[in-house]
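Colleague: So the sequence lines, in the order shown, correspond to chains A and B. Counting in our numbering, the first sequence runs from 3 upward without gaps. Counting in our numbering, the second sequence runs from 3 upward without gaps.
A couple of the hints might just be wrong.
When chains are identical, the list treats them as one kind, so a pair holds in a single copy or across two.
Unchecked claim - Restricting the straight-line Cα-Cα distance to at most 25 Å, the calculated cross-link-like pairs of lysine to aspartate or glutamate (DMTMM-like) are:
(1) K109 to E36
(2) K116 to D40
(3) K79 to D40
(4) K193 to E128
(5) K116 to E76
(6) K109 to E76
(7) K116 to D29
(8) K109 to D29
(9) K193 to D129
Hints were generated in silico from the structure; no laboratory data involved.
2 protein chains.
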Amino acid sequence: MTGYEKLISAEERNNSILCVGLDIVADRMPTHIERSIDGMLQFNKAIINSTSDLVSSYKINFAFYEQYGIRGFELLKKTIDSIPKEIHIIADAKRGDIGNTSRAYAKAVFEEFKCDSITVSPYMGEDSVSPFLRYEDKMVFLLCLTSNSGSKDFEKQKIGSDYLYEVVLKKSMKWGTTQNLGYVVGATHPKELKSIREKAPNSFFLIPGVGAQGGSPYDVITANNNGPAIINSSRGIIYAGGNELKYAEFSRLAALELRKQLNESRM
Amino acid sequence: MTGYEKLISAEERNNSILCVGLDIVADRMPTHIERSIDGMLQFNKAIINSTSDLVSSYKINFAFYEQYGIRGFELLKKTIDSIPKEIHIIADAKRGDIGNTSRAYAKAVFEEFKCDSITVSPYMGEDSVSPFLRYEDKMVFLLCLTSNSGSKDFEKQKIGSDYLYEVVLKKSMKWGTTQNLGYVVGATHPKELKSIREKAPNSFFLIPGVGAQGGSPYDVITANNNGPAIINSSRGIIYAGGNELKYAEFSRLAALELRKQLNESRM
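So that you can see chain A by itself, here it is in the shape it has in the complex (with noise of 0.2 Å):
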């Protein structure tokens, strides 16, 4: 099963385009549990229990792992080993560089960390991206319009009349399929998102800011206009039980309500 197969399939088995980021963090876990690498994998793995029949997949940010350094490594890896194998792993590292490095970044990824997608800054061009469109069975996300402040900086600057964030999409459309290639659209831009839709009506969107940033699901799923997406929350999921020993069941209403939210907007 492709990463694509495996993305649509979920979302139709658990009825959810949610996505859950294990983005963690030692210290903001529930004060029982161990601040070690032990306790983040107990903490990832009793998260991914009480959520992986409502989700469509999970996003494991890199750059939460690498701060610990290498055991942070073995903690992304026992992390991704305990997904259960039917659920689509976004590797959300923001790669890209030359030919012969992003080769070695999409082997590190998609071979040494079995994700089935990654995320890929489009600066450096077509050909820091196409080493990880080669491998045919899994799927790039694009960064378009993130969802952060510094989006105004450049990606919202005009190349004549068009937005930089548009020529990206435009330009990038045509180096990959639907199957394999989506995009990075931020929750905190829904007027942008709905001209990008308009703009690529089959792509997958990979909408993050959902939550925590400030994005609403109803604006969201509206300006979204039932395209193919996948909605993350991570820090409004993850640490919804705040100190609490059941912290787990917390996470699970949350993405419950999450998931409501986004169906009922979805009709």
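Place chain B on chain A using the hints.
Modeller: Coordinates of chain B only, in the frame set by chain A:
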């Protein structure tokens, strides 16, 4: 000593603006070296021992280590540990993400892996770069105009009267100082390098693309007009020995020759 001071003093002491990129690939090592993590460490150490009095810095391209998974990170850490303390270490990682994520990447590269500087992608704007700049004793090399053919896709697109790479330069120069913020400018664009140097006379430029990628040392040095620079060569130096038993001596000769060419052009 800050990363900047370390760079300046290594350049003076070794009379060199040369950087050697430790782009390790198991199958490119001499055939007598075991294709294993230990073999690659042995190779890296031999290259470092034979060149550390000839360089200002080593560049560690994270992709080449990540492709070997967790053990690749052990190799990365041990390689860094075997570089003499007075030589500047560049993490060529091309990271960049929303604020809390860039903070985690900065922690990984500066605190866990003890590098002196990092390459960062500008696409997501100021708040994706500033967490790296907050480490006052470290340096950032922001991608400006890269050496690959894909640089034409977006970097060389015009925003008003300026190219995107010029907009990146102009805007970002206010984010840091010449002591903590430099730029990646590919050796394959000497004409543009000259014009970028005029706009940023005192900024450090990390210039890759000499050698295997086709940039000429003389053209680069002339275009750079004696500005602060690091000229990187990776494959052209570390694999100079082919399958020779004494491969590290050939790497030393290649580094000596390139340093000489660079220094003669600088006069």
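Colleague: Work down the list of hints and note, for each, if the structure agrees.
Modeller: Okay, the hints, checked on the actual structure:
no.: 1; hint: K109 to E36; verdict: between (33 Å within a copy, 21 Å between copies)
no.: 2; hint: K116 to D40; verdict: both (21 Å within a copy, 24 Å between copies)
no.: 3; hint: K79 to D40; verdict: both (13 Å within a copy, 22 Å between copies)
no.: 4; hint: K193 to E128; verdict: between (27 Å within a copy, 22 Å between copies)
no.: 5; hint: K116 to E76; verdict: both (13 Å within a copy, 19 Å between copies)
no.: 6; hint: K109 to E76; verdict: both (17 Å within a copy, 17 Å between copies)
no.: 7; hint: K116 to D29; verdict: between (28 Å within a copy, 22 Å between copies)
no.: 8; hint: K109 to D29; verdict: between (32 Å within a copy, 15 Å between copies)
no.: 9; hint: K193 to D129; verdict: between (31 Å within a copy, 22 Å between copies)
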